[in-house]
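**Q** Here's the letter readout for the chains.
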Amino acid sequence: MEKADRILLLGSGALKIGQSGEFDYSGSQALKALREEGKYTILINPNIATMQTSEGIADVVYFLPITPYFVEKVIIKEKPDAIMLAFGGQTALNCGVELHTSGILKKYGVKVLGTPVEAIINTEDRELFAEMLRSIDVKTPRSEAVNSIPEALSVVKEIGYPVIVRAAYTLGGLGSGFCSNDDELIKLASTAFTYSPQILIEESLKGWKEIEYEVVRDCYDNCITVCNMENFDPLGIHTGESIVVAPSQTLSDHEYHKVRQIAIKIIRHVGIIGECNVQYALDPDSDDYRVIEVNARLSRSSALASKATGYPLAFVAAKLGLGLGLDEIPNAVTRVTSACFEPALDYVVCKIPRWDLGKFEGVSKLIGSSMKSVGEVMSIGRTFEEAIQKGLRMVGQGMHGFVCNSIHIADIDTELNNPTDKRIFAIAQAFDEGYSVDRLHEITKIDKWFLYRLEIIHRYRNRLRALESVDDLDAELLRGAKQMGFSDYQIGSTIFRGKDIDPHGKGDLIRARRKELGILPCVKQIDTLAGEYPALTNYLYITYNGDENDINFERDGKSVVVLGSGAYRIGSSVEFDWCGVTAVKKIQELGYRAIMINYNPETVSTDYDVCDRLFFDELTLERVLDICDMEAPLGVVVSTGGQIPNNLALLLDRRGVRILGTPAQSIDMAEDRQKFSQLCDPLGIDQPRWRELTSIGDIYNFVDEVGLPVMIRPSYVLSGAAMRVVSSADELENALNNAAVVSQEHPVVVTEFMQRTKEVEIDAVAQNGVIKCYAISEHIEFAGVHSGDATVVFPAQKLYYETIRGIIRISRKLAAALNISGPFNIQFLAKENALKVIECNLRASRSFPFVSKITKFNLIGMATEIMLGREVEPFGKTFADIDYVGVKCSQFSFARLLKADPVLGVDMASTGEVACIGDNYHEALLKSMLSVGHRIPSKDKGILVSSGPAYSKVEMLEACEMLAAKGYKLYATGGTAKFLEEHGVPAEMLQWPDAEVEPNIIDYLVNQKIDLVINIPKNHSARELSNGYRIRRTAVDHNIPLITNSRLARAYIYAICTIGLEGLSINSWEEY
Amino acid sequence: MAKKAILELEDGTRYEGYSFGCEKSVAGELVFYTAMTGYPESLTDPSYKGQILVPTSPMIGNYGVPGEDTVNGIAKFYESEKIQCTALVITNYSENYSHWDSKFSLGSWLRHWDVPGLYGIDTRALTKKLRDCGSMLGRIIFDGEEVPFYDPNKENLVAQVATDKPFTVGEGRYKVVLVDCGKKNNIIRCLLKHDVTVKVVPWDYDFTNEEYDGLFLSNGPGDPAMCVATVEHTRKAIEQDKPIMGICLGHQILALAAGAKTYKLKYGHRGHNQPVIVPGTHKCFITSQNHGFALDEKTLPPDWEQMFVNLNDGTNEGIRHRSKPFFSTQFHPEASSGPVDTEDLFATFFNSMADYGKGR
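Quick mapping for you: the protein sequence lines, in order, are chains E and R. Quick note, in the working numbering, the first sequence goes up one by one and the last residue is 1072. Quick note, in the working numbering, the second sequence goes up one by one and the last residue is 1432.
These are calculated hints, taken from the structure and not from any lab test. Just to be clear, a hint being listed does not mean it is correct.
[Unchecked claim] Lysine to any residue pairs mimicking SDA-like chemistry, simulated, CA-CA at most 20 angstroms apart:
hint, chain 1, residue 1, chain 2, residue 2
1, E, Lys445, E, Asp411
2, E, Lys969, E, Glu982
3, E, Lys265, R, Lys1355
4, R, Lys1075, E, Lys969
5, R, Lys1075, E, Glu476
6, E, Lys139, E, Leu128
7, R, Lys1396, R, Thr1420
8, R, Lys1265, E, Arg335
9, E, Lys966, E, His922
10, E, Lys445, R, Ser1174
11, E, Lys939, E, Met754
12, R, Lys1076, E, Leu128
13, E, Lys139, E, Thr337
14, R, Lys1355, E, Glu476
15, R, Lys1200, E, Leu128
16, E, Lys73, E, Tyr108
17, E, Lys258, R, Lys1076
18, R, Lys1076, R, Ser1174
19, R, Lys1148, E, Lys265
20, R, Lys1075, R, Asp1186
21, R, Lys1075, E, Thr337
[To be verified] Here's a subset of chain E near chain R, in silico, CB distances under 7 angstroms, partners left out:
hint, residue
22, Asp327
23, Ser338
24, Phe341
25, Glu342
26, Gln1008
27, Asp1011
Idealized CB from N, CA, C, for every residue including glycine.
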């Protein structure tokens, strides 16, 4: 074993596209493995909502940026013997490589455990990588690394178009893409060069099969492949954007083992100790292949593989890093065999990505070689049909499976040729229109086996459609449908189509019929050995392709079901996983068995170690009822998993399932706008005026009454973002006529919009309507920036006492009126002590982990005790008792979302968040901003200020003065430059992008003369929009930090100028 | 709609499934195997003679079945010239297959060789039963036509699957006598990667008076105790010093010849993921396995030692002589189907022949 007693582990920071919750799972597993071996663990990760940064996982936690500067400071302070780089994604790996090459690790005598850094560099540098594989006769795509555009053009003359361009050292294919001609190449290469000094020009293998293997090697040179995976989508679509199936389904034994052997050859040659991922392209028409990528670290795929097989890759990799052999580590599932084996699967899993492209203005919806999805689901079945239909429901975008959806694609050939997130539904529609499997294969290059299987589902749908009534549904037909993954809802909506029955009522009728015919699902274990050894595992899924349960149910009312949060998406992410896992732990502590239902492979909640029973399955009404029928639990917790469980509360309650905590009727009352207003009005609780309207005339009348601006929320959107603020009559007209439908069926909610108003939130826990603890936080930005995108300060530092008292008063009233027993969150607008309630959620909110970790009082723990009927003591700490400040910042992924306007609005756009602690507000803010990719601007470059409307010009003035005094070069747009000059602040004026005159902003951005862009959108005139958009987009595309809110910009600049990097304290969470 | 048929176990348990192969009633020993790929190889593996195969992998037939091409006179893609097992029982069948070098669907191939196949059976439930109760006899019943239960282990299966006359493959320098107890073709393919001529002889052929450089004892079906003649001939061979390698049944025969004993495992090892370890080291290999009998390592004579041990259950996976160039493995270094991590053992065998040749 390696002699290392103090081990530093780097996390992955905020969730972003390409690097999501999977690293919370990997890191948590690694820390568990290290602690099991008696090591002292030090974790750096500013992502406060993760499980790994919770109490009892690492010995000490630093909420600090994962950059060489901060890691070095922590090394100096904590004196670790060793560091692990493989568990924090590309962020940790890149940081580790820098620490190694700059000699810092050597200087402080810190060993790298696991894969050596040289090996990492060899796999990350494209040219070294290709050369290394050539030396062991492994084929890679014909390619060459280039350092300039002319070089790229000459290389492509040899390889021939089409080619793929890739940037080295980037996350999930950032800056990559296909090019078919010189113009496309020049354009793409210039972007790629801004991310990386070196790019790769590669032969295009579009249409080949894409296959991945997860390989493990120990220090004794034992190698195993834990899982292989096959992409449903052919090469050309990034594996993060593909539907992925495990194990592979269309590979012969010869192919499977040939490729497996190559993976082993590679891992030996590279010298990995731990885990790596090898990606291949396989020729669909011969046994030719190429190795396209090797990731010398835990990855999204390895998290998926762990969940797909039950083999805990990160846990094992951490132990291997300590010098243990595979044979010395027990199999966590069987507990009688060892970790040195290759799992055998007797089921199939489907991973399906989740996109949220509808949230962004201007973004391209095409999926391709760079990643845009924000989350994923994994579905398990014993046929592909069962798994894919489950999975398509899990993705949670209103689809009921492969068929029976109300979606119409206008031009299916275009969709199939240029796939978007809707491509699989285009296949269903193509079958409707008589396309054959051969024709679909010709267009899409998706392997025919998958298409045949989809065709089977489609044909079955037609058989169901032919039925006249539920009595025609005989046992064989119904069982067949269930075996193909049809939900009761799907079958109901097919058989009763056009009938006037509530959709869930239709499902109920099918459910009743099913039970009458004795068709029930069964529960199977995921046991890593396909049943060969008896397994004590609690890792379960539900299938209709079987007739025996693997486990017995106690049905003793001593179990509690916790509903998870489903796919990560914009607005629901790792924070709800933390809430769910926290509830599970508390339930166990109180002597109950905790049963988790969730299907997101990136989470800790779907780690079977965490709960007493894990159902890796759907969070639908049907499935939750199935599980409750089997388990007969004490009740169900719906308040810790975000909106998905919240929406199930009333449906479950009506069907006799006990909802623990706050009554389902109260949840409904808070969710339903109309009911909520009826509750607030008599209590004297003010809300912004709003109305749900069904005609354009009514909307104009209402706007006349409340005045502009207003916020509009259509229920049916034609283009662009769903929610927007309109400030002028023109904009209103445009929004109503072009972007949305206004009709009886599709009402629009119009709300009065309050400008220059503070937004304040309370997170609280109540018992029987009485508040037992609360936390009040404030947003730095004024209202108008979605609360999920805003920068949040806790405890609130700049509120009037009167405002605080008002917030507590209103919260008490609502808690009592709604008889809340559990967590809740209320959002307020506050202006001169007047308070309006804008939202009230009777569930945990995204800020629960944040406020729990800052106060060091676990709000979810208390809420869980309450839900289980325990009397709790009120939590006594007040704001004044907390002698430090936490600031939560949002992480945006605009760089990945080509063409999207990186501006913040009323709909959420961030993909993740961090929070850091400081002795004061500005220190916490600066740490937090540096954690989401901001950097202290270099004085060799300038800062561009385009400060928007007059009030924000004024707001920015002092900040600009400070920058100038600090010696920063300021650039400004016309109005701002003039304003600054008038107030004695020197600034060089740059021309607007459309002026096409020198010195132009765009040139300065492209040439990296600017190191921070502050662009405050002024108004919505076309010119302003287009100029502003070009500045913002160019900044993002050239990796220049951007701030679009004047209040945040001001606070951040103040922090830079008064504290600076050296002024930041290096304190662990425990030290506060 | 496919025809229904019944799978009945000797304890009376009945499962209803749908036919996708030949529609005839059959009986045999039910065994499960956990490999996720390789049904064409497994179905043609003579070691499965007399057995009803139950893959735990739920969807079978996805990539069809390759054609009947031959190389050096032996089938290129199959482990013998025909389907050897008695029947195939699966959860879900792919009638529509997809693979560039496939020629038939699995169902049509089964029908061609008169072998029944059933789908729609919960093979996980069946596997758990076989695991808990041990391998069981079973039968497939079409149209109520009940054939009697049949225990293949009571018969000399080796005699049924082995070649009945000797033949030679390859033109290499060293001559290997391969005793065919139900060989898989890939043993020949692996040997031919070296400079050898392979003389394949029937299981009961007396090779002791032949000129050869190395002796190879193949895999095969059933109980090694049935191979009295092979054990007898092997006993004579180990009195000499010429290299010997054995696989699976061949391993058990070598052990019996050395004086050790074998026994029947509760449900055997059948799959691609069996880890073996070299005793006294941390060196492990993932192996392909298919056996119902095993060597009792406690009965191993003192001049022999264990070469490999199963990491999961501690059973013997290989032996070697302490001084002479004899070794054998319970697992399948030739794979096909399965991982090829131990194929180097063929080189070990070849090198010992070359060394022996030098010394001679």
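**Q** Now, for every hint given, state plainly whether the structure supports it.
**A** Do the hints match the structure? See the list:
| no. | hint | in the structure |
| --- | --- | --- |
| 1 | E:Lys445 - E:Asp411 | 18 angstroms, holds |
| 2 | E:Lys969 - E:Glu982 | 17 angstroms, holds |
| 3 | E:Lys265 - R:Lys1355 | 16 angstroms, holds |
| 4 | R:Lys1075 - E:Lys969 | 83 angstroms, violated |
| 5 | R:Lys1075 - E:Glu476 | 14 angstroms, holds |
| 6 | E:Lys139 - E:Leu128 | 14 angstroms, holds |
| 7 | R:Lys1396 - R:Thr1420 | 13 angstroms, holds |
| 8 | R:Lys1265 - E:Arg335 | 40 angstroms, violated |
| 9 | E:Lys966 - E:His922 | 17 angstroms, holds |
| 10 | E:Lys445 - R:Ser1174 | 18 angstroms, holds |
| 11 | E:Lys939 - E:Met754 | 38 angstroms, violated |
| 12 | R:Lys1076 - E:Leu128 | 59 angstroms, violated |
| 13 | E:Lys139 - E:Thr337 | 36 angstroms, violated |
| 14 | R:Lys1355 - E:Glu476 | 52 angstroms, violated |
| 15 | R:Lys1200 - E:Leu128 | 49 angstroms, violated |
| 16 | E:Lys73 - E:Tyr108 | 11 angstroms, holds |
| 17 | E:Lys258 - R:Lys1076 | 38 angstroms, violated |
| 18 | R:Lys1076 - R:Ser1174 | 27 angstroms, violated |
| 19 | R:Lys1148 - E:Lys265 | 25 angstroms, violated |
| 20 | R:Lys1075 - R:Asp1186 | 16 angstroms, holds |
| 21 | R:Lys1075 - E:Thr337 | 41 angstroms, violated |
| 22 | Asp327 | 5 angstroms, holds |
| 23 | Ser338 | 5 angstroms, holds |
| 24 | Phe341 | 5 angstroms, holds |
| 25 | Glu342 | 4 angstroms, holds |
| 26 | Gln1008 | 49 angstroms, violated |
| 27 | Asp1011 | 52 angstroms, violated |
Violated hints, in rising order: 4, 8, 11, 12, 13, 14, 15, 17, 18, 19, 21, 26 and 27; the structure is consistent with all others.
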